[in-house]
Amino acid sequence: MIAVVLAASLAAGGTVQLELPPQLVLEPLSVEEVAGGAAIPWDGGTVPPLGVVVRRVSGAFRLLLPRGVSPASFEVRAQVRELGNPGKEGGRVPVKVTVLPLRLVESRGELEVWEADLLFHLDLSRASAGTLSGRLEVSVVGR
Amino acid sequence: MKKATLLAVVLALGFVGPLFAQATGNTSIYVVYPRIAILYYRSSITLQPSASDLITAFAGSNPVNTGTTSISTFTAALGTLEGDATTPATPFSTNVLTTINNFYQVRANYQFQVIVSITDGTLQGDGTTGSGNILMSNVQTELNDSGTWAATVQQPNPGGLGTVHKGDVRFNLDFSGASLIAPNTSATFGDAVVQTQVAFY
Numbered sequence: 001m002i003a004v005v006l007a008a009s010l011a012a013g014g015t016v017q018l019e020l021p022p023q024l025v026l027e028p029l030s031v032e033e034v035a036g037g038a039a040i041p042w043d044g045g046t047v048p049p050l051g052v053v054v055r056r057v058s059g060a061f062r063l064l065l066p067r068g069v070s071p072a073s074f075e076v077r078a079q080v081r082e083l084g085n086p087g088k089e090g091g092r093v094p095v096k097v098t099v100l101p102l103r104l105v106e107s108r109g110e111l112e113v114w115e116a117d118l119l120f121h122l123d124l125s126r127a128s129a130g131t132l133s134g135r136l137e138v139s140v141v142g143r
Numbered sequence: 144m145k146k147a148t149l150l151a152v153v154l155a156l157g158f159v160g161p162l163f164a165q166a167t168g169n170t171s172i173y174v175v176y177p178r179i180a181i182l183y184y185r186s187s188i189t190l191q192p193s194a195s196d197l198i199t200a201f202a203g204s205n206p207v208n209t210g211t212t213s214i215s216t217f218t219a220a221l222g223t224l225e226g227d228a229t230t231p232a233t234p235f236s237t238n239v240l241t242t243i244n245n246f247y248q249v250r251a252n253y254q255f256q257v258i259v260s261i262t263d264g265t266l267q268g269d270g271t272t273g274s275g276n277i278l279m280s281n282v283q284t285e286l287n288d289s290g291t292w293a294a295t296v297q298q299p300n301p302g303g304l305g306t307v308h309k310g311d312v313r314f315n316l317d318f319s320g321a322s323l324i325a326p327n328t329s330a331t332f333g334d335a336v337v338q339t340q341v342a343f344y
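These protein sequence lines are chains A and B, in that order. Position 83 (the first sequence) corresponds to 83 in our numbering; numbering is contiguous. Position in the second sequence (from 1) plus 143 gives the number in our numbering.
Treat each hint with caution, since some may be false.
[Unchecked claim] One-sided and incomplete, this derived list gives chain B residues near chain A with beta-carbon spacing under 7 Å:
{"#": "1", "residue": "169"}
{"#": "2", "residue": "175"}
{"#": "3", "residue": "178"}
{"#": "4", "residue": "240"}
{"#": "5", "residue": "244"}
{"#": "6", "residue": "248"}
{"#": "7", "residue": "333"}
[To be verified] So the derived list for chain A, only partly shown, Cβ under 10 Å to chain B, looks like this:
{"#": "8", "residue": "25"}
{"#": "9", "residue": "26"}
{"#": "10", "residue": "36"}
Hints were generated in silico from the structure; no laboratory data involved. All residues carry an ideal CB built from backbone N, CA and C; glycine is no exception.
The following block holds chain B by itself, in its conformation from the complex (with noise of 0.2 Å):
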């Protein structure tokens, strides 16, 4: 820090219309400002993908993209799925590619980075309309769209906490090992975990 200024400095008188006096003094100033990083996270998301939308994923051609939803529960029209994907069905994809956008935000002022991880991959079936699970699998991250995809992306330009950066994160979903309970026409799985963690680097 430069060495400090001080200053006492004496009234001096102007002439102009009343006496007019004045002083100005100037010192140097200092903020410590540490590496601060806010993460704005889901705590919960629920995806319900239409069944037209399964059949096309499952056919291999269209990934899942919800927009804006979730993990906790899934819930999806199995039944039509089974009726009408009797032709599409070859090839048959078991990993549906999820995208979840506007899945995290991020304020930082210092260059950071997000880690993406699955904590609890299982989506259980209820029991009740559904049984077996959903797998999550190979979940990555992207930042203000930037297209490139890892578990881990970093953001060497964060320029400061009044930029909000935007993270999505897509992941596998293998839906092989689920089915429904009959007579119910659509299921709920629940309850796998994503973390998100940012940090410096």
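One chain only, chain A, in its complex shape (with noise of 0.2 Å):
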């Protein structure tokens, strides 16, 4: 049925399109975020696991869909590819993405604009200080 439904769309002319920022910047990080503290008091055990770092990006991508069309007919996967510090294989930063629910956010004409936040789950134990950069990838499959 929803193959039918979007079947129908195309068939009518309509386009689903895709839209990307040109870039994503995630906020930066903090030592008080990653740690607690720059100093930290210790009994000379193990030492505490450094805390998971989230960001949220909000309005991350848009989906335009032919009106009448569900974001639902669709699933939609994110993943970063290749972060880290540029040139340095060893630094490659594992990352965890979760697409939130898409949300509708305007209507152009026979387009309906529906727009998705995106939680980046970063774990940052083997890179080193600097810019790190890699591609973020969305892809958008019809169920």
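Dock chain to chain to rebuild the complex, using the hints, since each chain is given by itself in its own frame.
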């Protein structure tokens, strides 16, 4: 049924578009966020683990659907590839990306614009200080 | 930063099984990761060397190595020491090299150095069990059991925050001005301060 709806909209000349910003720059991290402080009293045992770094990017991408096509007709996936220090192979940052639910933000004629936030969970244990760069890939697949 | 990519990809239809559609877009992503160093430090440590270790140390052959202990108070069985030390006390070493392993630990994502210094080098007798003082001097540190001791040591390859660097500290203790107050068989001397500082270089 979903496929029928999609086919109908495309047959009518509608397009489905994915829009991404030119670039995403996540907010800088702080030592307080990672470890609670720069100098931590400690009892001599195993040092406490690092905190998980999470960044939320509002309106990270937009999906333009023909009017009447539900975003539930699609599965949206996002992943970050090769995030790390430029030129340093050993410092790759594993990233888990969570796509939050799409929300309708505006209508443009026959198109409806849906927007979603992304949550980035960063494992920075092997990265060095500096500007880390990588590629965000978002894919939308018809169910 | 390289120029961004803006992608607007139109659905592509497949013809395998049910009607299939897919759109994929890429964009550059950047994370600003500032220099971060985290120092885990011991706020209080108590040294409690055995009398036999002290005797050997005073004789100049076996530095006291406490392994896991500290500085805020010091308790030693000097009464026992006095009796046993009469024979081997030549030459008598007033400066006992004292090593504290695992004194601090550091995580860092940029090359760093550790500087140790004595802020207060006097372990004062408590006036009840001990009088006079024990003097601390010549503090040094080493990282990751490197064997290189200095007041300032450097780590050029920190390996990221997931790597923990262990720091040991050693210093001299001069017992020549310390004595017990009778009838106690041990005495407490306390409240010296060693400062550990981590900085980028």
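Against the structure, the hints:
1. 169: Given a least distance of 5 Å, the restraint on residue 169 of chain B holds.
2. 175: 4 Å, holds
3. 178: Nearest chain A Cβ about 4 Å off; hint holds.
4. 240: Interface hint status for residue 240 of chain B: violated (21 Å vs cutoff 7 Å).
5. 244: 9 Å, violated
6. 248: Because about 5 Å separates residue 248 of chain B from the closest Cβ in chain A, which is inside the 7 Å limit, the hint holds.
7. 333: 19 Å, violated
8. 25: This hint holds: residue 25 of chain A lies near chain B, its Cβ roughly 5 Å from the closest one there, short of 10 Å.
9. 26: 5 Å, holds
10. 36: Holds, about 9 Å.
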